[in-house]
Amino acid sequence: MKTYREIAGDAGSDILGQVKEQQARLQARLAQITHTIAVMSGKGGVGKSVITTNMAAALAMLGHQVGVLDADINGPSVAKMFGVRGQTLKVGKNGVVPVLGPLGIKIISMDLLLSRDEAPVVWDAPAQQDPFVWRGTIEVSTLREFLADTDWGELDFLLIDLPPGPERLPNLPGLLPVLHTIVVTIPSEVAQLTVKRSIALAQQLKAKLLGLIENMAGYLCRKCGALGELFPSSGEETVNVLGVPLLGKIPFDPRIARCSDRGIPFVLEHKDTTAGEAFAQIAQKIKRNITFGEGER
Amino acid sequence: MKFLCVACDEAMKYAEAQGPEAGSLSVVFHCPHCGYRVALLTNPWETQLVRSLGVVIGGRTVPSEPLELVRTTLADSKLLWTAEAEERLERVPEFARAMARQSIERYAREQGYHEITPHVMDEARAKLGL
Numbered sequence: 001m002k003t004y005r006e007i008a009g010d011a012g013s014d015i016l017g018q019v020k021e022q023q024a025r026l027q028a029r030l031a032q033i034t035h036t037i038a039v040m041s042g043k044g045g046v047g048k049s050v051i052t053t054n055m056a057a058a059l060a061m062l063g064h065q066v067g068v069l070d071a072d073i074n075g076p077s078v079a080k081m082f083g084v085r086g087q088t089l090k091v092g093k094n095g096v097v098p099v100l101g102p103l104g105i106k107i108i109s110m111d112l113l114l115s116r117d118e119a120p121v122v123w124d125a126p127a128q129q130d131p132f133v134w135r136g137t138i139e140v141s142t143l144r145e146f147l148a149d150t151d152w153g154e155l156d157f158l159l160i161d162l163p164p165g166p167e168r169l170p171n172l173p174g175l176l177p178v179l180h181t182i183v184v185t186i187p188s189e190v191a192q193l194t195v196k197r198s199i200a201l202a203q204q205l206k207a208k209l210l211g212l213i214e215n216m217a218g219y220l221c222r223k224c225g226a227l228g229e230l231f232p233s234s235g236e237e238t239v240n241v242l243g244v245p246l247l248g249k250i251p252f253d254p255r256i257a258r259c260s261d262r263g264i265p266f267v268l269e270h271k272d273t274t275a276g277e278a279f280a281q282i283a284q285k286i287k288r289n290i291t292f293g294e295g296e297r
Numbered sequence: 001m002k003f004l005c006v007a008c009d010e011a012m013k014y015a016e017a018q019g020p021e022a023g024s025l026s027v028v029f030h031c032p033h034c035g036y037r038v039a040l041l042t043n044p045w046e047t048q049l050v051r052s053l054g055v056v057i058g059g060r061t062v063p064s065e066p067l068e069l070v071r072t073t074l075a076d077s078k079l080l081w082t083a084e085a086e087e088r089l090e091r092v093p094e095f096a097r098a099m100a101r102q103s104i105e106r107y108a109r110e111q112g113y114h115e116i117t118p119h120v121m122d123e124a125r126a127k128l129g130l
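Top line first, the protein sequences correspond to chains G and X.
First residue of the first sequence: 1, per this note's numbering; consecutive thereafter.
First residue of the second sequence: 1, per this note's numbering; consecutive thereafter.
Hints are supplied without guarantee of correctness; some may be wrong.
[Said to hold, decoys possible] Here are a few chain G residues that face chain X, going by a calculated C-beta distance under 10 angstroms:
id	residue
1	8
2	19
3	25
4	27
5	142
[Unchecked claim] Quick list of the computed label-pair ranges, beta carbon to beta carbon:
id	chain 1	residue 1	chain 2	residue 2	range
6	G	2	X	41	39 to 47 angstroms
7	X	60	G	1	26 to 34 angstroms
8	G	122	X	99	25 to 33 angstroms
Keep in mind that the hints were calculated from the coordinates and are not lab data.
What you are looking at is a predicted structure, and each value in this text was computed from that prediction instead of being measured.
The C-beta atom is built at its ideal place from N, Cα and C for all residues, glycine as well.
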């Protein structure tokens, strides 16, 4: 009796061929994108999406073509932060046309596909019980479609805003042949502990680690300009604890949150503030590191 | 997964698929030698897992649409409009545009469409007398 390996093909569905076709479409799209950078953190609430939107804006201010993919499928916030929530994606000749944010930043997010403000991300599936069986698969397929079916055009940088936690990162190397990562954290021991795990995972996956951004790195007094502590200090610099190159520190500034709520990247309106300058310097550093390979681990 | 006709020692071939219905796909395979047929019946998790990969059992007859999986699977998704359909909607007087958009989308949802094209607009116009 013939064995599994002795039978060629899969009885006619050509599943392998269909997957290969998906891959080919993805590769063709990625060929137009020079650099893909995943913005990650092991911890929620460290300001990853705020960093992503402002880094995108800062890179666009340097004259680059930038796109942002909101990979937080279940908790998308990038569209709101760019002020494009409520806009509708259109289908063009070369795929789905991304929504244009400030400075022509191209944006795709699950938020742009949901029909109502309060609509949760629920999949119309025959097996609603125990969705863990398939939910991960459909989320990876969603990321693949966002990457491959969006008409990004030519981009210098595509920033991918990952959801909190490290579990989504392992999906990306399968989709993106060359992936750079930026790690976002805050100066707290709890955050450092979880972020450390994400860094280890990124290194295992051979993702190129561009460096660390420390968000909420102190509170800047707007009267005297002094930088005060926002979190109790462990006595050791975050960058030493985590052992990755530091891209920069963003001090806490309430106007950052206000700008996000208004849908305007902070760096566009406040480029001359301490935090605004920090964003601009980090963008320069990312550009330099990614071009010359400095700081990569 | 592959199927073997034990009597002929021959790999079975895909014949047809039905469903998914009530969460189950029925996929029929036949032996090219003796014609013997068997059906594979999937449970809801298997059905969903296949669907989640964005592949079609039995092979694709037409190329996939952009964001096909997301648009056909997301429970509360917006309908996407093609650029041509949007252009055509722009020709509707502004005061009536929102209502026209709503009516066309309602019609499209009822018909199970995931994308508004000029063809869907024509259909809606004929049926709804817009």
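Each hint tested on the structure:
Because the beta carbon of residue 8 of chain G sits about 8 angstroms from the nearest beta carbon in chain X, less than 10 angstroms, this interface hint is met. Below 10 angstroms, beta-carbon pairs count as interface contacts, and residue 19 of chain G has one with chain X at about 7 angstroms; its hint therefore holds. Evaluation of the residue 25 of chain G hint against chain X yields a held restraint, the C-beta minimum of about 8 angstroms falling below 10 angstroms. Because the smallest distance between the Cβ of residue 27 of chain G and any Cβ of chain X comes to about 16 angstroms, over 10 angstroms, the interface hint for this residue is violated.
Because the closest C-beta pair between residue 142 of chain G and chain X is about 5 angstroms apart, less than 10 angstroms, the hint holds. About 23 angstroms separates the C-beta atoms of residue 2 of chain G and residue 41 of chain X, a value inconsistent with the hinted range of 39 to 47 angstroms. For the pair residue 60 of chain X and residue 1 of chain G, the beta carbons lie near 32 angstroms from each other, so the given range of 26 to 34 angstroms is met. The supplied range of 25 to 33 angstroms is met by residue 122 of chain G and residue 99 of chain X, whose beta-carbon atoms lie about 28 angstroms from each other.
When the structure is compared with the earlier hints, violations turn up for hints 4 and 6 and for no others.
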